[in-house]
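Keeping their order, the protein sequence lines are chains A and B. Take any residue in the first sequence, note its place counting from 1, add 136, and you have its number in my numbering. Take any residue in the second sequence, note its place counting from 1, add 20, and you have its number in my numbering.
Because the hints were derived from the structure by calculation, they are not lab data. A virtual CB, placed ideally from N, CA and C, is assigned to each residue, including glycine. Possibly wrong hints are sitting among the right ones.
[Claimed, not checked] Here are some chain B residues the structure puts well away from chain A; computed CB gaps all over 10 angstroms:
(1) T46
(2) N48
(3) S85
(4) A112
(5) E121
[Said to hold, decoys possible] Some chain B residues near chain A, calculated using beta-carbon distances under 7 angstroms:
(6) L63
(7) I119
(8) F124
[Said to hold, decoys possible] Label pairs and their in silico Cβ distance ranges:
(9) A/Q219 - B/T35: 29 to 35 angstroms
(10) B/V108 - A/E197: 37 to 43 angstroms
(11) B/R117 - A/P176: 26 to 32 angstroms
(12) B/K77 - A/E151: 42 to 48 angstroms
(13) B/T40 - A/T156: 37 to 43 angstroms
(14) B/D93 - A/K152: 20 to 26 angstroms
(15) A/F148 - B/T91: 40 to 46 angstroms
(16) B/R117 - A/E180: 40 to 46 angstroms
(17) B/K31 - A/S177: 26 to 32 angstroms
(18) A/E192 - B/R42: 26 to 32 angstroms
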Amino acid sequence: AQKITQTQPGMFVQEKEAVTLDCTYDTSDQSYGLFWYKQPSSGEMIFLIYQGSYDEQNATEGRYSLNFQKARKSANLVISASQLGDSAMYFCAMRGPTTSGTYKYIFGTGTRLKVLA
Amino acid sequence: DAGITQSPRHKVTETGTPVTLRCHQTENHRYMYWYRQDPGHGLRLIHYSYGVKDTDKGEVSDGYSVSRSKTEDFLLTLESATSSQTSVYFCAISEYRGITEAFFGQGTRLTVV
């Protein structure tokens, strides 16, 4: 069965510092995608970054990078130079095939990040 | 922004009444999903659709049904609402091919009293 685990319910980081949010996953599939979403207090889900299972290089999008370690089944999100606006809930997700050949996304329980001035 | 809208955005209903939430997309994406978000549980998949009239259950499908009679609309029905179904409900859409992200609606806050 597919599973996403986020073990950090909450984290603090000082403004301008870097922070790593942990995500581990479990799947027996070879082809899958890993995603990170941000949910600010306003409630919308904002896509940040993704990594395909066959991608050898870590994905980067501006201040976001995804530290993908396939053998360890981890897909940590690194935010560099944290800003006050980064304070939000962050969700790790995986898209993979089902036994019936369809696709679904499963999510972790989230990490609430607070950036301190 | 992906064209996906949920209605209503907020609803208060009484225990035992039926409730239908609507998700409408203008992107012509094949896949549509319904999730519920609860503190400590993240987003949990209720049902999803991989085409018109093609649906499947997620991990928390009990007490919910769905229908998709058109590509653009995916309806979630609570046949007889219970207080445990008080939650924030999100609809999401995605393309079929490739490793692509899901796009989310704004969410619907449902309170069952």
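Structure-based check of each hint:
The claim that B/T46 lies off the interface holds: its Cβ sits roughly 17 angstroms from the closest Cβ of chain A, which is beyond the 10 angstroms cut-off. Every CB of chain A lies more than 10 angstroms from the CB of B/N48, the least distance being 17 angstroms, so the non-interface label holds. Non-interface call for B/S85 relative to chain A: holds, since the shortest CB-CB distance, roughly 18 angstroms, exceeds 10 angstroms. For B/A112, the non-interface assignment is contradicted: its Cβ lies about 7 angstroms from the closest Cβ of chain A, within the 10 angstroms cut-off.
The claim that B/E121 lies off the interface is violated: its Cβ sits roughly 4 angstroms from the closest Cβ of chain A, which falls inside the 10 angstroms cut-off. For B/L63, the interface hint holds, since its Cβ comes within 7 angstroms of a Cβ in chain A; the closest pair sits about 4 angstroms apart. Satisfaction of the interface hint for B/I119 is found here, the shortest Cβ-Cβ separation to chain A being roughly 4 angstroms, below the 7 angstroms cut-off. About 4 angstroms separates the beta-carbon of B/F124 from the nearest beta-carbon of chain A, less than 7 angstroms, and the hint is met.
Between A/Q219 and B/T35 the CB atoms are about 44 angstroms apart, so this pair departs from the stated range of 29 to 35 angstroms. At about 26 angstroms, the CB distance of B/V108 to A/E197 disagrees with the hint of 37 to 43 angstroms. For B/R117 and A/P176, the Cβ-Cβ distance of about 30 angstroms falls inside the hinted range of 26 to 32 angstroms, so the restraint holds. Judged by the Cβ atoms, the range 42 to 48 angstroms given for B/K77 and A/E151 holds: they are separated by roughly 44 angstroms.
Separated by about 42 angstroms at the C-beta atoms, B/T40 and A/T156 satisfy the suggested range of 37 to 43 angstroms. Take B/D93 and A/K152: their Cβ atoms lie about 46 angstroms apart, and the range 20 to 26 angstroms is violated. For A/F148 and B/T91, the hinted distance range of 40 to 46 angstroms is satisfied, since their beta carbons lie about 44 angstroms from each other. Distance hint check: the CB atoms of B/R117 and A/E180 are about 26 angstroms apart, inconsistent with the given range 40 to 46 angstroms.
The given range of 26 to 32 angstroms is broken by B/K31 and A/S177, whose C-beta atoms sit roughly 21 angstroms from each other. Separated by about 42 angstroms at the C-beta atoms, A/E192 and B/R42 break the suggested range of 26 to 32 angstroms.
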